[in-house]
Amino acid sequence: MYIDPNHLRILAAIVDSGGLSEGAAALNKSQPSLSRTVAMLESRLGSRLFEKGIRPLRPTELCMSLAEQGRVIGQASEAARIAAELYSGGKAGTARIAGTPIFMDGVISYMIASFQSAFPDVAIQQSYGYFAELSEQLKTGNIDLAICPMRGDDIPEELSFEPILRGRNVIACAPSHPLARKSTFRLEDIAQYPWIAPPAGSPLYADLKNALEIVGITDFRVSFTGGSLAAILRIMSGSDALTVLPYSVVFMQRPSNMVTALPVKLEHPDRQLGLLWRNDRPVRPAVSRFQKFLKGEFSGLADRIDVRGREAVWRR
176 MYIDPNHLRI
186 LAAIVDSGGL
196 SEGAAALNKS
206 QPSLSRTVAM
216 LESRLGSRLF
226 EKGIRPLRPT
236 ELCMSLAEQG
246 RVIGQASEAA
256 RIAAELYSGG
266 KAGTARIAGT
276 PIFMDGVISY
286 MIASFQSAFP
296 DVAIQQSYGY
306 FAELSEQLKT
316 GNIDLAICPM
326 RGDDIPEELS
336 FEPILRGRNV
346 IACAPSHPLA
356 RKSTFRLEDI
366 AQYPWIAPPA
376 GSPLYADLKN
386 ALEIVGITDF
396 RVSFTGGSLA
406 AILRIMSGSD
416 ALTVLPYSVV
426 FMQRPSNMVT
436 ALPVKLEHPD
446 RQLGLLWRND
456 RPVRPAVSRF
466 QKFLKGEFSG
476 LADRIDVRGR
486 EAVWRR
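According to the working numbering, the sequence shown is numbered sequentially starting from 176.
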């Protein structure tokens with residue numbers, strides 16, 4: 176026999192509230208409508224749900240059993256309502272993001288931690304890649320959002336790009352590096368030290384070569400190539416190697432005191448770090464919330480970088 180789940184919830188409300196009038200008030204319904212529901216159920220079941228002639232209402236054994244199921248239904252309904260509200264508000268769900276390794280590890284990872292502290296029910300699925308791979312992943316729907324440095328004229332038609340931070344590179348080294356301890360030095364002094372090169376084919380690798388050529392260093396020795404940001408930082412901490420990094424990455428590592436930027440003005444790349452996504456597909460609420468969160472975080476970061484950079488890096 177099929178019993179309407181709403182009728183079971185009505186029985187639970189009557190039993191838990193202590194009467195028809197109280198149950199009607201709890202459900203925001205009229206008392207006569209609840210009386211009709213009870214009478215209809217008793218007729219279908221062929222059994223009484225409340226003892227006859229007893230006030231206040233006394234539920235029968237059958238009524239208590241059905242009311243218990245009504246409570247389960249009510250709890251499930253409330254849980255479903257909360258889940259739907261969390262999802263539609265972007266406070267629950269999944270965001271699949273990917274980006275260039277140095278930025279993801281050096282900057283975005285800190286922001287993911289802050290985001291998930293505020294929205295613990297949003298699952299972040301992160302992967303790595305450069306533009307060619309990221310754009311393909313977006314086109315096939317394997318990721319929702321890419322974070323990478325781009326030039327505006329390189330954006331495919333089916334993708335949208337929103338800049339969040341202009342490109343600024345610096346020569347980076349360990350705080351214990353001999354050049355970091357000098358108040359002044361010549362550009363020629365840089366040439367004697369080995370270099371850590373980013374992964375070949377990455378935008379940062381091209382930036383390293385261009386930056387050194389601009390400051391007059393055409394013959395440089397590479398002691399280490401590729402690797403993660405963690406590996407680069409550890410190698411620098413135990414050697415006199417230099418490298419080129421985005422200043423935002425160096426800026427975010429300040430609490431660890433593992434890397435610093437030399438006060439050398441480099442030619443900044445004609446790219447901007449930005450958010451990349453498909454413009455012909457709806458954005459899920461959790462992705463939209465994460466995207467909005469990143470834009471707010473980078474707005475504040477850009478201001479702090481400008482101030483710190485003028486004081487410590489680009490003062491010459």
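Simulated from the structure, these hints should not be mistaken for lab results.
It is possible that part of the hints are untrue.
Taking lysine-lysine and the PhoX-like style, the derived pairs with C-alpha atoms no more than 20 Å apart in a straight line are [claimed, not checked]: (1) 470 <-> 384; (2) 357 <-> 440; (3) 266 <-> 470; (4) 467 <-> 266.
Worksheet item: In ascending order, which of the hints set out earlier in this document are inconsistent with the structure?
Response: 1
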